[in-house]
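Protein sequence lines correspond, in order, to chains A and B. Its first residue numbered 100, the first sequence is counted upward by one per residue in our numbering. Its first residue numbered 100, the second sequence is counted upward by one per residue in our numbering.
Any given hint might turn out to be false.
Copies of the same chain look alike in the list, so a pair counts if it fits in one copy or across any two.
[What the hints assert, rightly or not] Lysine-lysine pairs mimicking BS3-like chemistry, simulated, CA-CA at most 27 Å apart:
1) Lys101 with Lys290
2) Lys101 with Lys245
3) Lys264 with Lys285
4) Lys210 with Lys194
5) Lys299 with Lys264
6) Lys290 with Lys264
7) Lys262 with Lys285
8) Lys160 with Lys172
9) Lys262 with Lys210
10) Lys213 with Lys194
11) Lys210 with Lys245
12) Lys213 with Lys245
13) Lys290 with Lys262
14) Lys245 with Lys264
15) Lys101 with Lys299
Simulated from the structure, these hints should not be mistaken for lab results.
Each chain, letter by letter, is given below.
Protein chains: 2
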Amino acid sequence: MKTIDVCLSPDLMHLYDVSDRTVVVVDILRATSCMVTAFAHGVQSITPFADLEACRAMKSKGYITSGERNGEKVPGFDQGNSPFEYMTGAIRGKKIAFTTTNGTQAIEKAKGAKRIIIGSFLNLSSVVKYLLFGDNSVLIVCAGWKGKVNLEDTLFAGAVVEKLKNHIETDCDAPLAAQHLYNVAKDDMVKFLNASSHVKRLNRLNIHKDIEYCLSLDQYQVVPRLENGVLLA
Amino acid sequence: MKTIDVCLSPDLMHLYDVSDRTVVVVDILRATSCMVTAFAHGVQSITPFADLEACRAMKSKGYITSGERNGEKVPGFDQGNSPFEYMTGAIRGKKIAFTTTNGTQAIEKAKGAKRIIIGSFLNLSSVVKYLLFGDNSVLIVCAGWKGKVNLEDTLFAGAVVEKLKNHIETDCDAPLAAQHLYNVAKDDMVKFLNASSHVKRLNRLNIHKDIEYCLSLDQYQVVPRLENGVLLA
Numbered sequence: 100m101k102t103i104d105v106c107l108s109p110d111l112m113h114l115y116d117v118s119d120r121t122v123v124v125v126d127i128l129r130a131t132s133c134m135v136t137a138f139a140h141g142v143q144s145i146t147p148f149a150d151l152e153a154c155r156a157m158k159s160k161g162y163i164t165s166g167e168r169n170g171e172k173v174p175g176f177d178q179g180n181s182p183f184e185y186m187t188g189a190i191r192g193k194k195i196a197f198t199t200t201n202g203t204q205a206i207e208k209a210k211g212a213k214r215i216i217i218g219s220f221l222n223l224s225s226v227v228k229y230l231l232f233g234d235n236s237v238l239i240v241c242a243g244w245k246g247k248v249n250l251e252d253t254l255f256a257g258a259v260v261e262k263l264k265n266h267i268e269t270d271c272d273a274p275l276a277a278q279h280l281y282n283v284a285k286d287d288m289v290k291f292l293n294a295s296s297h298v299k300r301l302n303r304l305n306i307h308k309d310i311e312y313c314l315s316l317d318q319y320q321v322v323p324r325l326e327n328g329v330l331l332a
Numbered sequence: 100m101k102t103i104d105v106c107l108s109p110d111l112m113h114l115y116d117v118s119d120r121t122v123v124v125v126d127i128l129r130a131t132s133c134m135v136t137a138f139a140h141g142v143q144s145i146t147p148f149a150d151l152e153a154c155r156a157m158k159s160k161g162y163i164t165s166g167e168r169n170g171e172k173v174p175g176f177d178q179g180n181s182p183f184e185y186m187t188g189a190i191r192g193k194k195i196a197f198t199t200t201n202g203t204q205a206i207e208k209a210k211g212a213k214r215i216i217i218g219s220f221l222n223l224s225s226v227v228k229y230l231l232f233g234d235n236s237v238l239i240v241c242a243g244w245k246g247k248v249n250l251e252d253t254l255f256a257g258a259v260v261e262k263l264k265n266h267i268e269t270d271c272d273a274p275l276a277a278q279h280l281y282n283v284a285k286d287d288m289v290k291f292l293n294a295s296s297h298v299k300r301l302n303r304l305n306i307h308k309d310i311e312y313c314l315s316l317d318q319y320q321v322v323p324r325l326e327n328g329v330l331l332a
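The shape of chain A in the complex, shown without the other chains (with noise of 0.2 Å):
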């Protein structure tokens, strides 16, 4: 039976054998948010650096850069880390150079899966369709904030066990945890995340509609996959 994991922070990776899993990175606030968005509004291609100097470099070869360094948008990049940026028409069949603290990291450490797609609230039922029909085993890898645990990213870990919990058995204690939290917090999820570290770091950056935003379910059906290091619809 396939079986399910969830790596908590990507400073957890080197515990996890993911030759034969599925990945899912999440990074709700707010990476993966945008991800999906952008393929929602018609980009080609998301390309994820780790290091912002190589994502930077794309601007030459034609691509959008995209990113931010601590909830920042980085100083000469053409657009920073809100979801409302990515959903214009000027981004159609365009290529995005996209870095990140956070979630283009968790990309990174997760390249050796056996496939890699991006999650998020909002294409949470495609996520979990695409799961639900596929072969392998999930591991849910967390963005985290530099490598320490956050709330939003593990409620979206625990939807997912949650939802296919009749289907897929969990492998250990984290997805446990991340489901227990989900069902806490799953009525009111703004309410819940209000004292979480990362929204009152988010909030004080005044982009209270984009957590609302980032929190919404299903707006879109799009599932990401990583293919040769490029993100593709």
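Using the hints, position chain B against chain A.
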């Protein structure tokens, strides 16, 4: 104001500066529960070892050798890792050399902290009181299982956060996650943990009464602390 944080796995210890913190090491099933029980029954000291052979070598120096690997007593050692083995008058005034799969490894990684103490549900209120009246900020280090996050240690962390919530501010999301989980579980922790991976592992070893005992609150008032590499009452 003092703060409290929770390190959900020893493999995340590099993220925390503990030089000015009191670290509470917890390995509910069963290392720190055994340690607390042993001190409550008059043991003179417990020297924790990460390395099994270094621990074994203490036998010739008059120490009682104790511990487990993968949940089972080490062949040739005097005692295993059941708290019931530490309730005997035979350990009164004796020195123990102790090594376990997770707990003593976590103590090793906590070295460098301003203060290291041992926590378990058996001495929960005394630990809370110690932290409340101490001057230092707090980090609870969950021993986990070979680097992976487990539920029982996380519940202990959550219990401490819950009891200190009006007095010590949380640093990040891990304490909040632990606190939520404790509040879900607290009315029947045995039932809550029945699905957990380590409880399943231990149930296979037929030590259900150990589990019930390790989840019982406030049996003892002792708070073991590490002094120059040796645990004292």
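Here is what the structure says about each hint:
1. Lys101 with Lys290: between (34 Å within a copy, 26 Å between copies)
2. Lys101 with Lys245: between (30 Å within a copy, 22 Å between copies)
3. Lys264 with Lys285: both (16 Å within a copy, 23 Å between copies)
4. Lys210 with Lys194: Answer is within: at 21 Å inside a copy they meet the 27 Å cutoff, but 48 Å across does not.
5. Lys299 with Lys264: Close across copies (18 Å), not inside one copy (31 Å); limit 27 Å.
6. Lys290 with Lys264: both (25 Å within a copy, 18 Å between copies)
7. Lys262 with Lys285: both (12 Å within a copy, 25 Å between copies)
8. Lys160 with Lys172: within (20 Å within a copy, 62 Å between copies)
9. Lys262 with Lys210: Answer is within; shortest intra-copy Cα gap is 26 Å, inter-copy 41 Å.
10. Lys213 with Lys194: Within one copy, since 24 Å is at most 27 Å while 51 Å is not.
11. Lys210 with Lys245: This pair counts as both: shortest intra-copy Cα distance 18 Å, inter-copy 23 Å.
12. Lys213 with Lys245: For Lys213 and Lys245, both the intra-copy (25 Å) and inter-copy (24 Å) Cα distances are at most 27 Å.
13. Lys290 with Lys262: both (22 Å within a copy, 22 Å between copies)
14. Lys245 with Lys264: between (30 Å within a copy, 25 Å between copies)
15. Lys101 with Lys299: between (37 Å within a copy, 19 Å between copies)
In this structure, none of the earlier numbered hints is contradicted; all agree with it.
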